[in-house]
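Engineer: In case you want the letters, here they are:
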Amino acid sequence: MLSFDRLSKTYADGTRALSAITLDVGRGEIVALLGGSGCGKTTLLRLVAGLDRPSEGAIRLDGEAIAEPRADVGVIFQEPRLFPWLSVAENAGFGLSHLSAAEREGLVSNALVRVGLAGHEKRWPRELSGGQQQRVAIARALVTKPKLLLMDEPFSALDATTRASLHGHLLALWQESRPTVVMVTHDVEEAVTLADRIVVMQPKPGRIFDELDNPLARPRDRLSPAFEATKREALRALDRSLRDEAPHQQKAAETAGMWW
Amino acid sequence: MSVLEIAAAIDEPERRPAAPRRSYGLAIAGFVLPVVLAILWEGLVAAGIANGRLMPPPSVVGRTLWGLAASGELLTHAGATLWRVAAGFGLGALAGTVLGAVTGALPVARSLLDPTLQALRAIPSIAWVPLFILWLGIFEASKVALIAVGVFFPVYLGVAAAIQGIDRKIVEVGRVFRLSRLAMVRRVLLPAILPAWIVALRSGLGLGFMFVVAAEIMGASEGLGYLLVDGQQLGRPDTIIAAIISFAVLGKLADGLLVAITRPFLTWQDTARDKL
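For the protein sequence lines, the chains are A and B, in the order given. Going by this note's numbering, the first sequence opens with residue 1, and the numbers climb by one from there. Going by this note's numbering, the second sequence opens with residue 1, and the numbers climb by one from there.
Hints in this document: simulated from the structure, not taken from any laboratory. Keep in mind that a hint or two might mislead.
DSS-like mimics (lysine-lysine), calculated; alpha carbons at most 25 angstroms apart, straight line [said to hold, decoys possible]: (1) Lys122(A) / Lys169(B); (2) Lys122(A) / Lys145(A); (3) Lys169(B) / Lys147(A); (4) Lys145(A) / Lys169(B).
Here's a subset of chain A near chain B, in silico, CB distances under 10 angstroms, partners left out [as the list claims (entries may be wrong)]: (5) Arg81; (6) Pro125; (7) Gly168.
Non-contacting residues of chain A with respect to chain B, defined by C-beta distances greater than 10 angstroms in every case (computed) [to be verified]: (8) Gly57; (9) Ala58; (10) Ala67; (11) Ser97; (12) Ala226.
Since the model is a prediction, treat every value here as computed from it, not as a measurement. We put the CB at the ideal spot given by N, CA and C, even for glycine.
Isolated chain B, as found in the complex (with noise of 0.2 angstroms):
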């Protein structure tokens, strides 16, 4: 989309209602810098103003990333990586789920394990890497590790503080209904941490992208992280770009399918009022 149908489309006339024009009028607002900037560089690059060695104009830049689509390695060096958060993802939000919901629930195992999971989140994850590799190896085992290590913590810490933070009161409601156990957790407990625990996956997730990235870079023989380096030693900044792009439209997109599947179940949150 150009600037000018940009322009167009903010100084559009009044056809739609108000509420939605206006929205849709300010998503569009923050494609102008980038897009302004990107047209930019193309054209001091083209006119020869300023080289466009280091930094490749957008058209080499998407020259390149329809090469490694074109020759399938995109989709290999995206899978694996997926693979990898995919994995990690999973064991480190099944892990930081239960021990959350342990430790938020029974003071015993609270006082019992809380002080050491603590203390194991103020080490860097990164700095497990190395006792990863001579644990696990140094193919995927050490890598799922390190991405299960950096979901688990935002997961645990969420899901333990959801359950404390759980309204006493509308507990009472339930015992009031006379609710066994097993109802209690199924009718008021889980329905009350849920937005909470929808939104620790999330930040879990949006770490599980970051350490994929450290677990490839520092040895992988695919991956975006592994084309990350390749640029690099290669001397081709617009692969590494090409894989910059990759991974942002990955996280967002498994962002947003996360949001997706999760709407339907909290649409109790998300009123037309809220909306106004």
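Pulled out of the complex, with its shape left as it was, chain A reads as follows (with noise of 0.2 angstroms):
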């Protein structure tokens, strides 16, 4: 459904920070990348999401070519990036200015009861602790129904509790409409608790270097021996992943995938 074509991206500066990334991914399919830092995991993101050109190779969903920001696209930031002067419920709504107000409001509340924000709608995102900010982030992404759900580090800035029920949050959210996700993250519990593929990227240029199934089935016990297990295993691959680099090219890689 989503498929990455020898994909390859260079900045201006030489930076290479993404090369010949061949990859598919399958309706429905949840799909973790999983890197140290630099390794470009939120270039190849900000790609597929249309926001960034590749330089080369091309990204295609559903057999056309991601040029642009889609419709059937949505993205979840590392941070909530929420529109301070609009409500919780406008902002989970932003997206959906084409429905009339009757109808944004059922989609809209819906979304907000499934992330736990029900009887917030009014507030103002100032008002709301980093945790409740990122919910709102995941129903405005999600209450459009999009085919793909793009998400970069989304829990990363939240402690371990706000993080567990984020996944909860996010996983009942994906269950109704069951969208293409990929996302990236460094956590590789994470990427066990949520993914069905993991994907172990290495740094300077990006690129793919490991892929594991994820043979858990859900609702997944963080705390059962399988779940144990695949965790061990994401982890030797990453630590793989990251004695194979030269030391020496450590830093120079850590600034390759920064986007900003």
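Each of the two chains sits in its own frame; use the hints to bring them together as a complex.
Structural biologist: The structure is reproduced here in structure tokens:
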């Protein structure tokens, strides 16, 4: 459904952020891109979102090349990025302006219930905690029922408890329409909790190092031995990806994937 | 309100909830110094210890102000001043907003226009007066032009800086939702710069009142600035102080009006959590 075909991205300053990425993602699949900093995870996600253009190769969604943001692709950023002048409900319904007010209200209130924010519709973003703001961002991205959802370390700024509860909220919303999900993370446990497949990436230039299929059925129990085993396997792959990289390159690599 | 009443208000027992009472008490506290000084001066002059000729006591100033108000003169002068400020503020704010938006949004316009405008800004605005009088005559047009120049620069700088300072990350959200150019301006850019724009308008308005005084002192047959000069020439410090007080009241009222008009658009900034 989503395919990367020898995708490369070289920035204007000559930094090779991504090199020859080839990957296929099936419909409804959740793929986690796992890797250390500077391996081009975020760059890859921005290319899929249509926010940047690839230097070589192409990304196709249902056979159509992605060149600009699409209506059927939702994005959740690392930060909530809410509009401070809009209420919680207006933020969540930002992408629904083509609908009537009544339809919009129905969809938004349903989405807010799913992320545990019922009753907060009229509040301003700055009155919410970081975790609540990120939940509004999740609702905003999913309320338009995208075919493809992109997430860039959406929970990395949150504490472990909040993160675990947001994983639950996210999966609840995902169950409704089962979009394809590509998520970037550096948290192995998060990858094992959410993903069907874990793609381990390696920096300088950003490339795919290894792929792991997650054998666990949902709902997943974080405390089960099988979960531990999968987590260990992913950790081992991540370790190997970092070890294979020449030590003197590490510092330069850290800046390579920084698109800002 | 007398000092005793103020003291009573400060020492008022805990009838109200804590937070509002404290802010009420603090607001009142600001009146203590001027009121005490006024009463002191009134008393010194009344007792004959001080001569009130150059610095008339509050009662004399009050009487003069009342006389000006009763004869309708105050209204004429205040009206003339307000009209000039309104016209100059309108022109200056409009030009400042448009040019600020253009230079803030388009790099080409910025490198083309901004250096010239910054150079013009270095000129003290009053220095334009002789030229404006030659170009526009000694009546209203030159005064309004001076005020407009004074209002223009803070608004221009504020708007241009606000547009450049818009969070790129939030604009990106607009891109993800595929907003058209127009929708991006209406739904993201305008709300984002609104608070900074209002601050710029307020400082512009303040400068507008500053320049209306300059314009009216340099030659006018009516207006509060004329009243200042008139008081000086007739040796009437009470008239001068009456005009100064009128300026202060008008300036505060105009600013308050601007704040009141724009407040509904900024409720998102003014949350309950902020006030606590």
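Engineer: It remains to establish, for every hint, whether it holds in the given structure.
Structural biologist: Structure-based check of each hint:
1. Lys122(A) / Lys169(B): holds (24 angstroms)
2. Lys122(A) / Lys145(A): holds (23 angstroms)
3. Lys169(B) / Lys147(A): Between Lys169(B) and Lys147(A) the Cα gap is close to 23 angstroms, so the pair holds against 25 angstroms.
4. Lys145(A) / Lys169(B): Between Lys145(A) and Lys169(B) the Cα gap is close to 22 angstroms, so the pair holds against 25 angstroms.
5. Arg81: holds (5 angstroms)
6. Pro125: holds (8 angstroms)
7. Gly168: Interface hint status for Gly168(A): violated (25 angstroms vs cutoff 10 angstroms).
8. Gly57: The claim holds: Gly57(A) sits with its nearest Cβ about 22 angstroms from chain B, beyond 10 angstroms.
9. Ala58: holds (20 angstroms)
10. Ala67: Non-interface label on Ala67(A) holds, nearest chain B Cβ at 12 angstroms vs cutoff 10 angstroms.
11. Ser97: Contrary to the label, Ser97(A) does not stay out of reach of chain B, its closest Cβ about 8 angstroms off (not over 10 angstroms).
12. Ala226: Answer for Ala226(A): holds, closest chain B Cβ roughly 37 angstroms.
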